[in-house]
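I would like the entire structure built from these sequences, with the hints used as guidance.
Residues in the sequence shown are numbered consecutively from 1, following UniProt numbering.
Heads up, simulated DSS-like pairs for lysine-lysine below, C-alpha to C-alpha not over 25 angstroms straight-line:
1) Lys151 x Lys14
2) Lys39 x Lys121
3) Lys294 x Lys384
4) Lys293 x Lys426
5) Lys329 x Lys456
6) Lys294 x Lys329
7) Lys329 x Lys426
8) Lys426 x Lys294
9) Lys426 x Lys384
10) Lys384 x Lys293
11) Lys121 x Lys41
For the record, the hints were derived by calculation from the structure and aren't laboratory data.
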Amino acid sequence: PRKQGGPSPSKQRKADQWMTWQETVIPGLRSVFLELWHKTKGLHEADSLTPPSRPKSPCPCGRGTLLRISVVAFTTIADVEIEACQCRPGAEQLLCSGLFPSVSLRPTVAVDLRVLELAMKLFVHMPPNNTAWTAAMEDLLSGLGYTLETKGALQRHFAGSLEWYNYLHHQVDHALDDQIEIYRQSWLEKREQADRSSERPQAANATPNSPNPADTSSQPQAADGPAAAPNPAAKRGHRRETRADVFVCVNTCFTQKRNKGTADPAKFHPETHFVPENLSTEMEDYVEGMRAKKPANNMQPASKKKKTTVEEVPDEENAAEDGYEYSLKVPRSVLDPCEASFTAADQKRDKASTQFYDDTALMALLCPHDRVLWLVNIHSAGEKQFNVWLLLETLFQHLPLDIWVGVLYDIACQLERSALRWGFLKRYIARLAFAVSVFHAFGHAWACQLIYHPRKRLGFAFTDGFEGRVDGCREGDERPEAQGRGAGSDRPARTEEAATHQVLRAADERSCSEGSALRLTSVTEV
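And the structure:
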């Protein structure tokens, strides 16, 4: 009987199957897959593989189980028999013959690896749709004279084979990357040791070089003067106000959702681009807590003396209260209506319903090459600012301390205002420059455009949407993920593992075709 509050028998059975795949079957298949890939030269010579067959003599362990399996290839369906036991699991026998099982322990269907490879590559360039794929396969095989027991039976088996074959690919790639990194570090250590051993010691009485007349670094500093602050910009030959080192863009894609109550057991991509959920919760609590307080004393608005206002000031009363907050270059009379207009537009737009979806959208941080750097799940009906702070915090944790970042966002004016008002990312704010993505810039007030339009913003050069595209950041956010949409798919909701797979595969395909590597770019390269 089912325990009160516990999972249903079907969910528990599925969770057990997933655990068996992840902890037992897949680890044992990694070496077999590598050997097979090398032997067949990337499946180029897969026709030379021997089909699985029943052994002439039973296994000495005496625990063998006879399995009858239907093998699905491009143009045939064949029945084979194998004996599976703990000494030689059925999954290993099938993989050695270029096949992949549909379930972990006692499969009844196996799919040719070349069929799975084609499906994997196809679903990188279009929304994954196992229903349409298997329906087409059944029609093709039926036309060739092959029939299945029941119509639609292939769908469930094929989906299981494809899902776990993908997972095997991820684990093998991750293991190879780890080995390459180990050898790389070992080579670097040997090179450093060789360099140190080949260095010539300097003479003890060597005459020092004469100082350059223009070099003032050797001059003593006045005792009553303050110590010179470190200035990383001096090393780079430019000022903070005129140039950023890297550019990133933040945007949200509301086509990516996950239905309520349909979550599969946890399965994560080894190279996931998703920020962990616990960090998202911590950032949300932190932001809400900061907003509940008054702004810090050292973050109070600047003097409210009367300044020149703009046409957006509606009346004399508001004009008297107008001014510039903190170090912002746009007056309050412009920022307030700008914030109100975007808030009203966001409330009228029913982007996603939290009644039907647990995850309502994805927010992504992208580099200038439209490659996804990090993703975060959105659980609310609209965008929330803490997700942006979470993505930027994650970025800065992976950057050197002297790197300045230019951020493009739909409402960058309000983003910078919140950062100064509440102290968000206070330790990084001096290295941040904000601009509005060019596609959204014209929705802002004219005075706001003068400051935050990327073509008018100092330090952004021609970076208005990356790679010359109109709002290329938005395209980059939605295009890789659009390939993983669930529209028309048998899977009603995406998973983080599947979304990461689509992002990585799409990036690899585009990198190969464009001949460029995944990297952050400097404005000097634009």
